[in-house]
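Trainee: Sequence:
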Amino acid sequence: MADTAQLRFEALAQLKTLDQYIPNRVKIAPHAEALRQFDRRTNSWERISYRDLSERIHAWRCAFTKMGLPKGARVAVLLPNGVEAICCDQAALANGLVTVPLHAIDTAGSSAFIIADSQASVLVTNEQSRWDAIFLTGTAMPTLTDVIFTEDITPENLKDNVRRWDLEHWLATGHNIEEPNIVIEEDDLAAIVYTSGTTGRPKGVMLTHKNVVSNVLNTLRTVVPQPGDIFLSFLPLSHTFERMAGYYLALGMGCTIAFNRSIPQLSEDFRIIRPHVIISVPRIYERIYAKVQEKLAKSSALSRFMFNWAVEVGWRNFCKKNGLKLEKGCCEFLDPIVWPILKSTVSKTLLNQFGGRLNIAISGGAALNTKVAKTFCGLGLPIIQGYGMTESSPIIGGNSLSYNRPHTVGKPLPNTQVRLDEETGEIQVKSDSIMKGYWNRPEDTQAAFTEDGWLKTGDVGLFEDHEFLRIIGRIKEIIVTSTGEKVPPADMEMAIEIDPLFDQAFVIGENRPFISTIVVLNKDEWSRLAKTLGVDPDDPESLLANAVKTTILKRIKTAVKDFPQYATPRNVTMTLDPWTIDNELLTPTLKLKRKNLNNKFAAQIQAMYVGHR
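The numbering used here numbers the first residue of the sequence shown as 252 and each following residue consecutively.
Hints may be right or wrong, so weigh each one.
Computed beta-carbon distance windows for the label pairs [claimed, not checked]: (1) GLU715 to GLU736: 15 to 25 angstroms; (2) SER778 to SER513: 23 to 33 angstroms; (3) GLY389 to GLY607: 20 to 30 angstroms; (4) GLU792 to GLU297: 49 to 59 angstroms; (5) GLY389 to TYR860: 15 to 25 angstroms; (6) SER513 to ASP833: 17 to 27 angstroms; (7) THR809 to ASP586: 40 to 50 angstroms; (8) ALA552 to ILE592: 11 to 21 angstroms; (9) GLN857 to LYS774: 19 to 29 angstroms.
Simulated from the structure, these hints should not be mistaken for lab results. Quick reminder that beta carbons are idealized off the backbone N, C-alpha and C, glycines included.
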């Protein structure tokens, strides 16, 4: 019988819990490649079949069983993407345990809070230094009894009152232990995933097996990977977006997950792995776009003309396919003749940066810049933009290969109801994928839902043609100027950051007469610009020079030229110090902590509005 995507989906649809996905594939195709990971000891890529993966998961299950953890006990997981992360999660799920993913780039204080708040019994991590930093925060973690390290550990040097295990010795405790006969129900908790916490402490989102399984199936009714497809995994598995779409969905459909060695090696891994599917945030696509633009700026006028022509022709073809309003061109009648040539030259050059056989490129987590979307879609890589949140497991809606409007987040997923609040325009959702609630926070749980049981997303949206959803912005983040104009800051910040001069941007103007912005300059780009302006890039006073400010504002205005005039920033503050998680100006998902930024730059913000009312 032919192994088709439809048959795989039908088999998957019979499974009710996440721990059944891999055993199902072992029965069907035990020797198919499940995972691929780079082994730095042998300097080669290790390929792991579904049967081999199942055997490794069995060893983890037996070791967890030996610990005597009761059903529902929490296991905190602080691991990089890789085989151990999959084994840990799958073994915990099959034993009825609840995983608590921690962000690898989060602060030690935040990780300590999550371990304590979730009442985790076990922490699994790769490096002893991570645990040492967590312990040294002084946070009380009374329920934590064991810490398991997947890499070598040094002799104990902290009085941390926990049992420390290296992976080999811990797994050995499970020898001759049988897997527990535990019945996993679809309404059992699968994970507690903590939100980023842009305001206050993060909250633990309780996701059941049913929540995630329904999201996997509803996503597959929109975007379907094919047998043999390879996913390149580089977003952290602690993020629900990658966890659902790049892990559970991929393995459930019997695909292969190849783990990126590191973000700096991502471009090389694209060429080595040659993936068919990637799941990314807009920043990755924007960086590639910026590199292309930088290279074009140094190219000949003919090269720039050919590139722009290819985007123009390709975009018209894309618009025709997806029912979008066409942008007329003077030589449009030549499109059928020139497109095959442009596609084989310009388009192929871009696609080769992703390995040359990418079929599905999904973008989520934030809005995708329209210029970037137009370029990629025009050159033959139609990025599929989606929308969701942790509380919805996470995808609520998305575009697909058969319909794609890049300025929207597509249609609501099948079996997912979406409505807009009549007064605020807030997006509200009801489906089986909606969370059970917030861990030990009944008041927050109640506040997250309407009286009739719809999840309140906090996002403002509108429907285009009654079915395509557009995101306007966050209710709490939309800036209302003193003149009554409403400005979504995230969209503008994203547009500004397309210019390689600006690493980060923070747009302000709430109850102010006009919009201003604070930007973090890219040090290399700033050094080049400073020389053209005749100022010393190493002198902080250079950032205050009128010529510099005028030039920077001009670059910003160019970047946001597609926004209304009232949204154009009229003043700017510049800095070379990046905003990070460690200095508490970014969340672990790299979103701006606006309250903290407002406090940090209070004096500069005040100065930008002196004399204006």
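Trainee: Can you list which hints this structure breaks, lowest number first?
Mentor: 3, 5 and 7
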